[in-house]
Every structure is written in C-alpha cells, then in structure tokens.
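Chain order of the listed sequences is D and P.
Okay, so the first sequence: first residue is -10 according to my numbering, each after it adds one.
Okay, so the second sequence: first residue is -10 according to my numbering, each after it adds one.
Hints listed in this document are in silico derivations from the structure and should not be mistaken for laboratory results.
One thing to keep in mind: the hints can contain errors.
Put simply, identical chains are the same to the list, so a pair is met inside one copy or across any two.
[What the hints assert, rightly or not] Result set (DSBU-like, lysine-lysine): computed pairs, CA atoms no more than 35 Å apart in a straight line: (1) Lys5 - Lys184; (2) Lys(-9) - Lys199; (3) Lys166 - Lys184; (4) Lys184 - Lys199; (5) Lys(-9) - Lys5.
Listed here are the chains, written in short residue letters.
2 protein chains.
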Amino acid sequence: MKPLILITNDDGVTAKGLRALDEVAMEFGDVVVMAPEYNASGLSHSITSSRPLRVREVKQAEGLSVYCCDGTPVDCVKLAVEYFCPRRPDVVLSGINHGSNSSINVLYSGTMGAVIEATALGMDAIGFSLLHHSPDADFTPCLPFVRQIIGNTLERGLPQGVSLNVNIPRLPASEIKGIRICHEARAQWNDSFEKRVDPQGRPYWWLTGKFVCDNPPETSDEWALRNGYVSVVPIHPDFTHYSAIEELEDQYR
Amino acid sequence: MKPLILITNDDGVTAKGLRALDEVAMEFGDVVVMAPEYNASGLSHSITSSRPLRVREVKQAEGLSVYCCDGTPVDCVKLAVEYFCPRRPDVVLSGINHGSNSSINVLYSGTMGAVIEATALGMDAIGFSLLHHSPDADFTPCLPFVRQIIGNTLERGLPQGVSLNVNIPRLPASEIKGIRICHEARAQWNDSFEKRVDPQGRPYWWLTGKFVCDNPPETSDEWALRNGYVSVVPIHPDFTHYSAIEELEDQYR
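Extracted from the complex, chain D is given alone in its bound form (with noise of 0.2 Å):
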C-alpha cells in the first residue's frame, strides 16, 4: 500500500508553501491536506476549546484530499488523524512555512506546533520552514531537500519520538551548501510592542521585536542558516531539562 501522509500548515489552506508541500508529497503516496481556513501564524501549540469546529472540503482529486478547517494547527492534526485519513497517516508534514522557525521560534509556530502534536500522537513529523515571508516566495530552492527528507524519513523512519524542524535558507538551489543536523540557537526576541496612540487619544500596543542570536554556534542551526545550509533539528515534546533535577533536588531535600 502507498505511505499516506497527511499535510499540514500554519498560512492557511490558499498558501502557496503549502502547495509546494503538496506537489512533492504526492511523489510518494497518497497525501491528506488539512490546513487552516485563515491564516494562524504564531498560534503555537494552541488548540481549540470555547467553539466547535466546521470543515471544509476543498478538494478530492487521484491520491489528494483537500480540506481546511477553522481551527488551529493542532485542531488540524487531530481532527484530521480522527476523522478524514482513511487509515493512520505514515507521517506528517507541516508547512512549507512562509518565513523562519529556526532557534527559539520553534516556539511559537503554528507549524510547528503541528508537528509536535503529531509526534506526541506517535506519528513521523517533519516541518518544513523557508527564510522568506513573502505570500509569493519562490518555493522551487527547497524541492530537492524536501524530496529528499520526505523520502529519507519514509524508508528508515525517526528515532523514536523524535520529529523534525527544518529550515531552508533563501538563496538559489545552486548556492545552498547541503544538510547539517542541529540544535536549536538560544535567541530572544526584544523590543516586543510598539506602542501606538489611536485618534482618540488612547493607547494600543502592536507586537513588533527584534530577534537577537549573536554569535551562535557551529553546532547550532542560526549558524548553519546564516552559512547557507538547510538547519535539520530534531525536536521532542518533552520541555524537561534534565540535568536541572539534580541541582533542584538539592535545594529542596
């Protein structure tokens, strides 16, 4: 039987990095599309509880089923594994993001927090993230490594409970240097909100910031970003940091 492989983003169901995502995946088997309606950038691991969600069929064509839904990321991949796969998706994939989610943006990612939620559900998960924000980037760059993670993942699979967080960075397909595996930077976004004052006088604050990684290491996938390779980084669901729990049990014995 073909791989199923179900499809997800955070830009919203018209996106075209989702489109990209689609074309390549249906090299390798039969794909499920469930993206959100709207656009839901920066939503994280958030999931939907004060209102039921409606679905949408987009699509159904040879081997494609298109649908979107008003809900989050996360709302995407587990209404879709429950009710519109035909059988337990093979892996997930998520994106291809419009715009970064290298370092700590891993954070609040929608597309992201997809693949997160399906590695916690036990499934393969790979997101995929351009260094390009743009509505029109050109997606053609990353093709051959998308191919060859798909494919990669699909024949010897994840370690155990492990997903992946790759990013591409914006050059032409000529100057991109290869794959290296990473860990994320540490970073910080400063300068968040911009504060504003309406007509009427009152104020109002818009998110804004400014993304500060200085000097990451070669190790790290800031690093490899900035030196012309794709950042592959693998992920778990777990924020435990474990070599703290021996300081902290001395503090509270």
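Starting from the known structure of chain D, fit chain P onto it as the hints suggest.
Okay, now just chain P, sitting in the frame of chain D:
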C-alpha cells in the same frame, strides 16, 4: 530594594487562582499583575500579531498594580516587562492555574507559555497549577508550597535558563506528602474530537479528549501527583532532542 514580582495567568484577571497567588507574592515584594482580560486557556505560546492590544488598569494599591489586556499570556509577559514594570522583575509567576499542567499538558498551557517566555527573556519564572478545574476551587492547601517555592527561588535563584512547572494535587494540605523534582511523564490525548450534527443537519466537531498516561515512572510528575506529592519539573525553552543528533547525522552523511 524589595523584589519585584510579575504575575500572569491564563484563566483571566478575575480568576480566584490569580488572587491566591497575588496574596502570597505580596509577602515577598512588590507585585505587578498583567493578566488576560478573558480566559486564555489552551493558548500555549501564542502571540497576537494581527491586531493591536489594549490595556486596562484594574487596581493600584500599596505594593500591588493590577492590569489586564486583550492578549495572550505570552503577550502579557512581553508587554508588562517592557511597559508596566517599574524595573526588571526578579521573578515571573503564572497561575495558580485551575487545572493540571503536568506531563504534555504543558504544551497546550497558556499558563506555562508565559513561564517559558519569561525564561527565554532571561528571567526566573514559575508556573503553579492546582489539579482542580472549578472556578471556585479551594487554593488554601496550595499556599504553603507556593510560599516555599517562591521563597526558595528568590533566595537561591534557579539554574541558568531553567524555569519550574509546579503542579499541586487536589488534596487537603495534611495529606500532601511533600515536593518531588520530576521530569514530564510521556502521555497523549486520544479521542480528541466529538462529532455532532447541528439543527440544520451539518456536522461540527467539539474538542474533547481522553488523557492517556499508563504506568508513569516514579521519576515523573504524573507518578508524583497520583501519589500525593507536589511535582516540580525543571523546564527550558528548547525542544532539541540532543541525543538524536548523532543518529540523524548518520542518515544525512
């Protein structure tokens, strides 16, 4: 100078658990509260970028300033640190949440999203949750542990880059056996959505789910909570699965 303590939550500014936390925190220093105006449970690490935020001043008293905004818990931390704290907070607290944030629930939790954001911004941070969902939950049995953990953290600090996820069982204080330092238990939420049909005959899906965590190890938070202990999990804002890096390097060599 007295310590400055920033407090937020995800149940909203009127939640009983927030007031309980304020009261303990005021024993240690000056308190600034910036909480979501509305319930923001399940918003995880979401940020609000599609619209600006408004802030409302709720209360000004000696040693206590309370504000709320129409953003997420992560927005609350960023906004408060930049615009509403007279200086950098010595510790950021979140909660006391009405309901568990143990195990993988930390992924979905707005309470813990705020804590992880504070950690990414370089501050000590602690999230507190009581295993009792009711809006009228009795937080009294929590308070000795909350007091001990805040005091310890202000006095000794946390390991670099580490924050705490504290969960408290729903038991009388006399039956709580003490504090255990743990790792997150592996678990998953199954049967996530319930399909229903509206009066017009159209389907809709409500989030529900069954928490599955069988035989959690004695070192895990779920074991601690089921056995009458307060669980304290050191967490950090890094999803990297470090020991998978080498295995993946073999796949991509």
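Hint by hint, here is what the structure shows:
With identical chains, the CA atoms of Lys5 and Lys184 are at most 35 Å apart both within one copy (33 Å) and between copies (30 Å). With identical chains, the CA atoms of Lys(-9) and Lys199 are at most 35 Å apart between copies only, with a shortest distance of 31 Å across copies and 45 Å within one. When the C-alpha separation of Lys166 and Lys184 is checked against a cutoff of 35 Å, the pair qualifies neither within a copy, at 42 Å, nor between copies, at 48 Å. For the identical chains of this complex, Lys184 and Lys199 are intra-copy neighbours only, at 15 Å inside a copy versus 43 Å across copies, given an alpha-carbon limit of 35 Å.
In this assembly of identical chains, the alpha carbons of Lys(-9) and Lys5 lie at most 35 Å apart only when taken from the same copy (25 Å versus 53 Å across copies).
In summary, the one numbered hint that this structure violates is 3.
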